[in-house]
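Visitor: Listed below, chain by chain, are the residues.
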Amino acid sequence: MGTATLEAPAVDAAVARRRRRKYGGIHAWLFALPALAVYLIFLVYPALSSLWFSFTDWDGLSPTYNVVGLENYINMPKDPVVIQALINNIIWTVITIVFPVVIGLALAILLNGKVRGKPVLRLIFYTPAVLPLVAIASIWGWLYNPDYGAINSFLRLIGLGSLAQPWLGQDSTALAAVMVPAIWLRVGFPMLLYLAALQGISQDMYEAATVDGATKSQQFWHITMPSLRPAHYIVLALSLIDSFKVFDLIYAMTYGGPGTATQVMGTWMYFNVFQYYQAGYGTAIAVVITIIAIAVSIPYVRSQTKEHAV
Amino acid sequence: MSSSAEVAPVATLPDAHVAPSDELSREPKRKGGIGITIVLTLVALLWLSPLVLLVTTALRPLSDFVANGALSWPQEWTLQNFADAWGVGNFATTYRNSLFLLILKVPLGVLISAMLAFALAKLRLRFGTAIMFAVFLGLTIPIYITIVPVFVLLRSFGAIDSIPGLVGPYLAFGIPFEVLVLQSFFRQLPDELIEAAKMDGAGPWRIFFTLILPLSTPALVTVFILDAVATWNEFLFALILLSSDANKTIPVGLLNFQGQFSNNNTGLAAGILIAVVPILIAYIFLQRWIVGGLTAGATKG
Numbered sequence: 007m008g009t010a011t012l013e014a015p016a017v018d019a020a021v022a023r024r025r026r027r028k029y030g031g032i033h034a035w036l037f038a039l040p041a042l043a044v045y046l047i048f049l050v051y052p053a054l055s056s057l058w059f060s061f062t063d064w065d066g067l068s069p070t071y072n073v074v075g076l077e078n079y080i081n082m083p084k085d086p087v088v089i090q091a092l093i094n095n096i097i098w099t100v101i102t103i104v105f106p107v108v109i110g111l112a113l114a115i116l117l118n119g120k121v122r123g124k125p126v127l128r129l130i131f132y133t134p135a136v137l138p139l140v141a142i143a144s145i146w147g148w149l150y151n152p153d154y155g156a157i158n159s160f161l162r163l164i165g166l167g168s169l170a171q172p173w174l175g176q177d178s179t180a181l182a183a184v185m186v187p188a189i190w191l192r193v194g195f196p197m198l199l200y201l202a203a204l205q206g207i208s209q210d211m212y213e214a215a216t217v218d219g220a221t222k223s224q225q226f227w228h229i230t231m232p233s234l235r236p237a238h239y240i241v242l243a244l245s246l247i248d249s250f251k252v253f254d255l256i257y258a259m260t261y262g263g264p265g266t267a268t269q270v271m272g273t274w275m276y277f278n279v280f281q282y283y284q285a286g287y288g289t290a291i292a293v294v295i296t297i298i299a300i301a302v303s304i305p306y307v308r309s310q311t312k313e314h315a316v
Numbered sequence: 015m016s017s018s019a020e021v022a023p024v025a026t027l028p029d030a031h032v033a034p035s036d037e038l039s040r041e042p043k044r045k046g047g048i049g050i051t052i053v054l055t056l057v058a059l060l061w062l063s064p065l066v067l068l069v070t071t072a073l074r075p076l077s078d079f080v081a082n083g084a085l086s087w088p089q090e091w092t093l094q095n096f097a098d099a100w101g102v103g104n105f106a107t108t109y110r111n112s113l114f115l116l117i118l119k120v121p122l123g124v125l126i127s128a129m130l131a132f133a134l135a136k137l138r139l140r141f142g143t144a145i146m147f148a149v150f151l152g153l154t155i156p157i158y159i160t161i162v163p164v165f166v167l168l169r170s171f172g173a174i175d176s177i178p179g180l181v182g183p184y185l186a187f188g189i190p191f192e193v194l195v196l197q198s199f200f201r202q203l204p205d206e207l208i209e210a211a212k213m214d215g216a217g218p219w220r221i222f223f224t225l226i227l228p229l230s231t232p233a234l235v236t237v238f239i240l241d242a243v244a245t246w247n248e249f250l251f252a253l254i255l256l257s258s259d260a261n262k263t264i265p266v267g268l269l270n271f272q273g274q275f276s277n278n279n280t281g282l283a284a285g286i287l288i289a290v291v292p293i294l295i296a297y298i299f300l301q302r303w304i305v306g307g308l309t310a311g312a313t314k315g
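These protein sequences, in sequence, are chains A and B. The opening position of the first sequence corresponds to residue 7 in the working numbering, with each subsequent residue numbered one higher. The opening position of the second sequence corresponds to residue 15 in the working numbering, with each subsequent residue numbered one higher.
A portion of the hints provided could be inaccurate.
[What the hints assert, rightly or not] Only part of the chain B face toward chain A is listed, based on derived beta-carbon distances under 8 angstroms:
hint	residue
1	N279
2	I286
3	Y297
[Claimed, not checked] Simulated restraints on C-beta separations:
hint	chain 1	residue 1	chain 2	residue 2	range
4	B	L207	A	P125	31 to 39 angstroms
5	A	Q205	B	T143	26 to 34 angstroms
6	B	S176	A	D210	55 to 63 angstroms
7	A	G206	B	S257	45 to 53 angstroms
8	A	Q225	B	W91	46 to 54 angstroms
9	B	L60	A	T70	54 to 62 angstroms
10	B	R140	A	P86	47 to 55 angstroms
11	A	I89	B	P204	50 to 58 angstroms
12	B	L93	A	G206	42 to 50 angstroms
13	B	W219	A	A182	54 to 62 angstroms
[To be verified] Covered stretches of chain B (in silico footprint by chain A; criterion: 3 or more residues with CB under 8 angstroms from a CB of chain A, positions within the stretch not fixed):
hint	segment
14	52 to 59
15	76 to 84
16	91 to 98
17	142 to 151
18	175 to 189
19	233 to 247
20	261 to 272
Everything labelled a hint here was simulated from the structure, so no lab data went into it. Don't be surprised by glycine CBs; every beta carbon is placed ideally from N, CA and C.
Given these sequences and hints, build the entire structure.
Guide: Right under this line is the structure:
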């Protein structure tokens, strides 16, 4: 309101009114306040304080700690488990995105054809996604049981008993074994999104292409795939955000083991903080993975904001 | 997604144009397609097979399971496993706690998120774009980066190991998704309605409660359900912030139970079912809201 003093009171009032109309004023803030306060207190502030703890040698229990600067970050590349966890995180992210997206797309294309019982089929494929991850871990831990589990029983039943093995109990198979339930539960989401997107594609395009003599595969690559571009973007962005955060399934299924075979950054952070009392180092691990997660998803967040901004 | 199933486990909806009915199932009926139908049915059976095995195992005596193996059809049927699992798993307590948390958290979360969404969509909140960006960024933040400070914070309030203590962090991690969906729904409501209400002398609160919220019932229901699923399934906060058995929620209780019952396959299966059956039933009845909400963004293209 710096200019207001130079103008007549009537103009001043008009400016104030216009300004109030432009922004919502005090009422807008009253509406925004409760959610913003909760968000700041329980998400923004803790995230920033973790950043602070990552520069200290705090054990998580003592009332005092020393600031050690970047020491935790410098130690990280020397920690073989961090390297392994990071590699596992990357493998996890790639596999639990590629397989669900490809399978989900295939199911969506099939479901979009002439199929009976579509609502029931769709319901079934999305079902695992609504279960608690701990329950999914329990179910699959039970299927993988070396002695009584259904998977080894099945192998023995079809005469491949020699392939029966302790899937979760050995380094060579543990990570793959934990990724299978992740794929199982994550196929439903891309399937739903692709199915919705496919139904938005006009049939006229296919008819025109058929008239022009385009083969089914040409139609797929030149009509279907380009039309699905927005869906690809959303599916990939959301899957990436989700995959990076992996914790529950691995914690509940293998506890990072055997040894450190299935450690990911999330679980290794947990072990450092709550088992080894190295809260400073643990939070530094969390900071690294969070920064990566934010960096890869900023384009998505920005596009969402831009789309909705006035 | 879950992670899927994390609070984040529930997948996020990119843009909301939430319709009360499920557009996907309302398309013209087409006949035929026997071949594809058979293929998809087989895949669907494979997809369901872990849950089917869980049911057949839970309904047979342990001796029958051990003698005939996981893949055999039960020779005898029993409900005893459920009775055993219910007691050992402390499910009466964990159910009560999860339900209490749900009732405490979800309505409050939807209300405050709707208020913020209204401020962003219709009240031209100052710095609205920056606030929106900061809130949406919350979708990408993993819970574990906040866990140590949240623990310290709650301990200083004396709110560790209590269900109400979980409400704050749960609300914070639910807000980004709920605001994303609701503000984009509110944005589609015509401004003329609000202007007309203003002419009649209604203030922003009356407009919000008597106009905006009733008009947005479909979006509110979708957000409510998805948030309820995420809250019911959340694991990490509950694992770290709750310590006594009397305060555990279903996912943490199930993890303990899994450890105790690892040698009793039929009891374990019954316990897992006890933990998941309510959410499966809710999913079957409410699926059109869930599917409609999740796919709203993609249909809009």
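Visitor: Hold the hint about B/N279 up to the distance rule: shortest CB distance to chain A must be less than 8 angstroms.
Guide: Check passed: Cβ of B/N279 comes within 5 angstroms of chain A, closer than 8 angstroms.
Visitor: With a Cβ-Cβ cutoff of 8 angstroms, does the segment 52 to 59 of chain B contain at least three residues near chain A?
Guide: holds (count 5)
Visitor: Within 46 to 54 angstroms or not, the Cβ separation of A/Q225 and B/W91?
Guide: holds, 51 angstroms
Visitor: Given B/Y297 as an interface hint, is the shortest Cβ-Cβ distance to chain A below 8 angstroms?
Guide: B/Y297 check passes; min Cβ-Cβ to chain A is 5 angstroms, inside 8 angstroms.
Visitor: Per the CB criterion, is B/I286 less than 8 angstroms away from chain A?
Guide: OK, holds: B/I286 within 8 angstroms of chain A, min 5 angstroms.
Visitor: May I ask you to test the hint 47 to 55 angstroms on the CB atoms belonging to B/R140 and A/P86?
Guide: holds, 50 angstroms
Visitor: Honestly, do B/L207 and A/P125 meet the 31 to 39 angstroms range at C-beta?
Guide: holds, 34 angstroms
Visitor: Would you check chain A against the segment 261 to 272 of chain B, counting CB to CB pairs closer than 8 angstroms, and say if three or more residues qualify?
Guide: Holds, because 6 residues of the segment 261 to 272 of chain B bring their Cβ atoms closer than 8 angstroms to Cβ atoms of chain A.
Visitor: Can you let me know if the beta-carbon spacing of B/L60 and A/T70 is within 54 to 62 angstroms?
Guide: holds, 57 angstroms
Visitor: Does the Cβ distance between B/W219 and A/A182 fall inside 54 to 62 angstroms?
Guide: Given a distance of about 55 angstroms, which is inside 54 to 62 angstroms, the answer is holds.
Visitor: The hint says 42 to 50 angstroms between B/L93 and A/G206; measuring C-beta to C-beta, is that right?
Guide: Because 47 angstroms falls inside the window, the suggested range holds.
Visitor: Looking only at beta-carbon atoms, does the pair A/Q205, B/T143 fall within the given range of 26 to 34 angstroms?
Guide: holds, 33 angstroms
When the structure is compared with the earlier hints, a violation turns up for hint 16 alone.
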